[in-house]
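Residue numbers (the working numbering), protein chains in the order written: chain A, 1 to 141; chain B, 1 to 483; chain C, 1 to 708.
These aren't lab readings, by the way, just hints derived from the structure by calculation.
These numbers come from a predicted model, not from an experiment.
Just so it is clear, CB atoms sit at the ideal spot from N, CA and C, and this is done for glycine as well.
Be aware that a few hints might be false.
If the Cβ cut is set under 10 Å, some of the chain B residues that face chain C in the computed set are [unchecked claim]:
| id | residue |
| --- | --- |
| 1 | E67 |
| 2 | G267 |
| 3 | A269 |
| 4 | L283 |
| 5 | R450 |
| 6 | S480 |
| 7 | R483 |
So these bits of chain B aren't anywhere near chain A, every CB distance computed over 12 Å [as the list claims (entries may be wrong)]:
| id | residue |
| --- | --- |
| 8 | T111 |
| 9 | G186 |
| 10 | D436 |
Below, each chain spelled out in residue letters.
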Amino acid sequence: MPDQALNDYIPILLLAGFAVSFASLNLIVSWLLGKRGGTNPDKESAFECGMKPLTPERRRFSVKFYLVAMLFILFDIEIVFLYPWAVTYKSLGMFGFIEMVLFIAVLIIGWWYVVAKGALDWGPRRPAVSVQSAAPSEQAS
Amino acid sequence: MNIDTSQLFAIFGVESLLGLLGLVLIVTDLLVGKGRLTGPATAVRTLAFGGLVAIFAWSFVLEPGAEGALGTLDSFALFFKRFFLATAVATLGVAAPYEDRLSAGRAEFPTLLVFTTLGMCLLSSANDFVTLFVGLELVTVVLFLMAAYRPQLPRSIEAGIKFVVIGALSAAFMVYGIAFVYGTTGSFEFSQISAVINAQESLPAGLKFGLLMVLVGLGFKLGAVPFHIWIPDVYQGAPTPTTAFLSVGSKAVGVVLLMRLVYTVMGPAAAQWTTVLAGLAALTLLMGGLGAIPQTELKRFLGYSGISHAGFLLVALATHSEASAGAILFYVVTYLFANMAAFLVIVIVSRTDDDNHMDRINGLANRSPFLALVLTTSMLSLAGVPPFAGFFAKFMVLRAAVAEPALVWLVAFSLLMAVTSLYYYLCILKRIYMRDAVDTGFLEISGGARLLLLLCMLAVFAFGIYQQPLVQAAEAGASSLFR
Amino acid sequence: MDMLPFDVNTLTALCWALFVIPFACAFTLINFGRKLPRGGDWLATAGIASCAVIAITLFFKVIVGFGAPEWAWSSAAYGLSWDWISLESLQLPVGFYLDNLSVIMLTMVTIVATCIFFFSQGYMHGDRDYPRFFAYLSYFCFAMLGLVVVDNLLFLFIFWELVGVGSYLLIGFYYDQEEPPKASLKAFMVNRVGDVLFLLGIIIAWQLVGTLNYTEMFAVLESGAFADRTGWALAGWDTQTLLTLSGILIFCGAISKSAQVPLHTWLPDAMAGPTPVSALIHAATMVAAGVFMVGRMYPYFTPDALLFITGIGALTALIGATMGLVMWDIKKVLAYSTMSQLGYMMLGLGVGGYVAGLFHLITHAFFKACLFLGSGSVIHSVHSQDMRDMGALKNKMPWTYRTFLVATLALAGVPCFAGYYSKDQIVANALSWGLSHGVAYYVPFVFAVVGAFMTTFYMFRLVFLTFHGTPGDQHKYEHAHESPAVMVLPLVVLAIFGIGAGGTIHPLAEHGNLWFNRLVPEPASAAVAGLEHVGADTSVHGESYETYLEHFEHNLHVAHYPALIVSILAIVLGILLARRMYLTKATDPAAVARKFGPLYGIVCNKYHFDDMYGRKGVVGGLMFMNRAFAWFDKNVVDGIVNFMGLAQRFIAFVTGLFDKYVIDGLVNFWRFFVRALSSILRLVQTGNVRDYLTWTLLGVLILAITLA
C-alpha cells in the first residue's frame, strides 16, 4: 500500500523533470545560438529606453504597504472560499448557507476592526488613541 | 455531504464559545469609549475574564465521549481544555497589573489571549493532522504577536522575530513530517495511522522519518533540548504576561500533542522510541539544570527552569505507561500554579520598568512578606520539595519511571538534576530572605492579584498535601488515551 | 483495645495535639510575634511545655501503667491509620503509631525542648529577632514530634525534610553575619545528598514490599511475600541484594542527618547557629532522628546492611573523637563529640545491640543538651567561644560548673551516671559481636574503647581549660558572671536527668533489668525471616542465623564484665592524662602534639579538609557535576560567589571520600573537560537566530541518525 501511495507522486517527478530540462534546454540553446564576444560600456548600461539609475534601487517601503498587502490576501482568501460555495450552493443547502453567513460575519467584524483602527487610512498617521494616557515609561531600554 | 452540526458542536463546544467570545471582545473594543485607552481595555478585560470563567465553569458540565471526523472530546481532551482555560484566566490575572505599561493595544491583549486559547483547546481535541496543524498555527501566530507586543522595546521585537523564525522552522518540520506520514500511510487520521503503524513489524523508514519530524516540531513547543534554543531569548524579551502564558500554555501544547502522538498514535510501537525520548529527557534535564545556574535575569531563569521541567515531562513520556501519563497531567497542573504565581510576583516587583534583574527580589521578605511567601512556595514547589505539589508531581513521574528497569539510570539522573535544581531555587530564596533590598519602593498589590497569588499558593500547598482529587482527575484524563 | 489505658480517640487526639500545638505557636509567633508581650516567648514555652505534659502523661500511663497496673512494663503498640491517598494505582494510608520507643522518644524530646525554651529566654534576651527565634524553635518541635508519631516511612521522610528546613532556618538565624547563611546552606545541601539516597531507598522498599507502613512492612517481609511488581528480577536483581541495597540507601538518609562519616561536615559548621539551637537540634533531637529512624526500621535491615551500619558507626565514633581532641572552640569540641556519640549509637545498632544504641540516644540527649546549654551559659558570660579565653570559671559560675561536670561524667561514661549504662552496653555488644564473629570483627570494639578514652580525655580537657586553672583572658574573667536563674534551672534539670536517666545508680546492674531494656525489647529481624522464606542464604559462618543469635546472646553475658573493666580503664586513663596535661601541666600539650607530629597533622587535616580541598580545587571524577556548579559560579560575579566556597567544600568532602591526594593531572583533565563543556554550552546561546537554526538542525540530524 505505501508503494502504491508513492506511485501517485510519479507525475510530480515527471513535472519536475520537464521543468529542469526545459530551463536547461533554453540555457543551452541560447548559449549555442547566442553571439559571444567582449563587453563594452553600452552593453553593460541600462536598457536603451530605460533611465540611468540615480538613487540606490533598494528603498524602504512604508509599513502600510505590507499591512495593506496582508489585508488584501486575507480578503482575497474570502473569494477563494466563496467561489466553491457558490458552485456547490444547491447541494450544500441550508447548512452551507448558514456556514457561509457565519464566515462572512466573522470577516465583516474583522473588516470593521481594520477600518475603525485606521489601518486603511492612506493619509498621514492619525493617532489611534489619545496621547494623554500613554504611559510615560514607554521607552526603549 | 452530510455534516452533523449538533455533533460538531458537541465536540467543539468550548471552541465555538471561545470564538464567539473573541468576536464579542473585538466588537466591544470598537463600541466602548471610542478612541480612549482605558475605557475599552477595562471593558474588554472584564468581559474576557467573565467569558473565560463562564466557559471554564461550563466545561465541567460537559461529558466526554463525543467523537467525530476532525476531533474528539475524550476525557483527556476535556482535561486539557479546562487546563488551557484556567491558564488563560491566570494569564489575564498576570496581565492586569502589567497593563498600564502598554501605550497601545491594551484591549487587544485579552482578545488575542482568547483566540490563542481557542487554538489550544482545538489542539487538545485533535485526532487528525489537519486539525492539529490548523490549531497549532492559530496558537503560534497569535503568540508571535503577543511576544512582539511592545514594538518600542528592542528586546520585545527581538523576541518576536526570533520566535517567528524559529516558529516557522518548527512549523516547517511539522508539515514536512506530516507529509511523510501521509505519504506512507495515506491518511491524516490518527486512528488510521495508528492502525497502519501497529500492523507492521517495524516502521518503514519514511514513516519513521515523518514521525520524527513531527516529534521535532513538537519538541520546539515543549522546549526539549536541542529545540529549546529560542526559550531564553523569547522569555526574556516578551512582555511578562506573554512569557507566563508561553511557559505554561505553549509547553502544555507540546505535551498534549506528544502524548496523543506517543500514547495513542504510536501505541505499542512507541517502545522503539524509549531510548530516543530518554536521551532527549536526559539532555533536557542537563541543559535546564546547568543553564539556570548563571542566570541573573528572572524570566530567563524561569525559562531554563521550564526547560528542566520539560525534561521531567520527557522522562514520563519515555516511560510509556498509564501511570506516567497520569503523572504528566498532574505535573502540568502543579507547574501551572507555581509558575503563574512566580510570574505575577515578577510583574509586581518590576512594576516601574522592565528590568527583571534578580536584584529586584532582594530583600523581598522585608518589603512584602506576602510576596516573599508566595515566591518561596512557588520556588520550593518547582524545586520539588515536600510537602508542596511539585514534590508529589516529580514523585509520581519517577515512581512510574522506576517501574521500567531500562530507565533506572534516567531516574537516578533526574534525581541528581533535581538536587542541582534545588540549588538554584535556593539561591532565589537566599535573595529573598538574606539580602538587603535594592529597591525600596512601595509594592502595590491589587486585590485581584492578591487573590490570584493566594489561590496559586493554596493550590500548590493543597495539592501537595491532599492530592487525591487531582490525581483522580489526571488518571481519568490519561486513561482515555489508552483505549 | 480495652487493654490500652487510654481509648483510641484520646490517643489520636493527643497525637494530633503533640504536633499541632507547636505548629500553631510557630504560626502565631511568625505573624503576630512582635505584637505580643515579651515577643510571645511565653506562648511558645507554654506550647512545648504542654506537649511535655502530654508526653509525660503518655509515658506514665502507657508504660508504667499507673492507671492500669496490668500494663506495667509490657510493650504494646497503638496504631491508627486512615487513607490519605487512595487510588487504584496508589494506596497511601497515613496514621499514628505509638509504641514504647516512640513514647520514650516523645518524652525525651519534649523535656529537653522545654528546658531549652526556658534557657533561650535568657540566652536570646534582647535579640533583634527574639519572636522569630521562638517561632522557628516551635516550628522545629512540630516537625520533630511529627516525625516521631507517624506510622509510615513516607511521612517520616516528609517530616524528615521539615526538620531539615527547621535546622536550615535556625542555623542561618543570624542571617546578617557572614558565616551562618553559608553554614545553613551547606547543612541543607549536604542533607539533601543523603535525602535523595534515602528517597531512592524508600522507593525500592516500596516496590519490594508494597507498603510503607512500618508494621505492615515488617509483616510482609516476615512472610517473604515480596511483591516484584517492577520486573526488577528480570533486570537481574535478586531479592537479597535489593533488600540490602534499599536498607543501605535508607541508612544513607541517617548518614547525612546524623552526621556520620562521610557526610558529617555540615555539623561542625552548623555551630554557627545560636547555642540553644545547637543543643536542641544538633545534639539532642534532629541528629538523633537518624538513629531513631534506623531503630524504627531495624527489622528491615539485612545482616549485610547492618554490617555497613556498623562500619560507618565505628568509623564515625573514632574520627569524631580524634577531631574533638584538638579543637579550641568549645562548641566545636561538643559538635565533634556529638558526631562521635552518634557513631556509637549506630555502631550499637549495627552490631545487634538494638537496645543499647537506642538507650544511648535517650541518655545522650539529656547530658549533651546539658553540655551545650552549659557552654551557652559560658559563652553568654565570657562572650567568646575560644577555650583559651576561659579558665578558672568555676569560681564565677558555680552552678554552670557543677551541672557541666555532671554531664561530662555522664558523657565519659563514669559508673553510676546515665551515660555509663548505655555506653557500656554498646561496648559490651561490640565485644560480643567480635567474640561471635572472629578476630577481624574486634575492630568496632577497639574503636569503641579507644573512642571512650578519647572522649574522656577531650571532655576533661574542656572542663579543665574552661573551669579550672588560671584565667586565659583577665579582662573577660573579671566580667564573667553566673547566668540568671532562667538559664541555670534548665541546666540543673538536665543534669539531674544526666544522673537519673539510667534509672539506677547501681554500677553493676544487670543490663536486662534496666528500665529501657525492659521497655524496648529487641524486635526479631523480619529481613532474615523473609529471606529464609524465599530460600536465600542467611547463615553466619556456616551456622543458621538463629544459632548465631544464641551465640551472640551468650557472648553478651560473657562480655559484660570484660567490656566494663576495659572501658573503666579507658576512662581512668583519659581523666589522668587530661589532668596531667591541662591541670597539673606536668606534660606540655604542645610537646605531645609535636611528638605525634604527623598524626596531629592528620587530625588537623581532617577538620580542615573541606577548606583545604576547596582552595586547592582537588576533585574526584564522580563529582564532575559539582565541578560544573563551581565553574559557573566563578563566572557569575554576582551574589552566587558566596556559594562558591560552599560548593567547593561540598566537593571537597566528597573528594575526601575517594582519595585525599588525587593526582593533579586527573584534576586538570576534569577542569579542562568542564570548561570545554561550558564553553560549548555558551557557544550555543549566542543570540543569533541563524546559529540557533544551525544547532537545531544539527540536533535533528543526530536524532535522525540515532533512529535510523
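Okay, the hints, checked on the actual structure:
1. E67: Not OK, violated: E67 (chain B) not within 10 Å of chain C, min 25 Å.
2. G267: Violated: closest Cβ of chain C sits about 17 Å from G267 (chain B), beyond 10 Å.
3. A269: Given a least distance of 12 Å, the restraint on A269 (chain B) is violated.
4. L283: Since the shortest Cβ distance to chain C is 9 Å, the answer is holds.
5. R450: Status violated, d = 16 Å.
6. S480: violated, 15 Å
7. R483: violated, 16 Å
8. T111: Violated, since 10 Å does not exceed 12 Å.
9. G186: Answer for G186 (chain B): violated, closest chain A Cβ roughly 5 Å.
10. D436: Given a closest Cβ separation of 25 Å, the condition holds.
This entry does not satisfy hints 1, 2, 3, 5, 6, 7, 8 and 9, going by the numbered hints stated previously.
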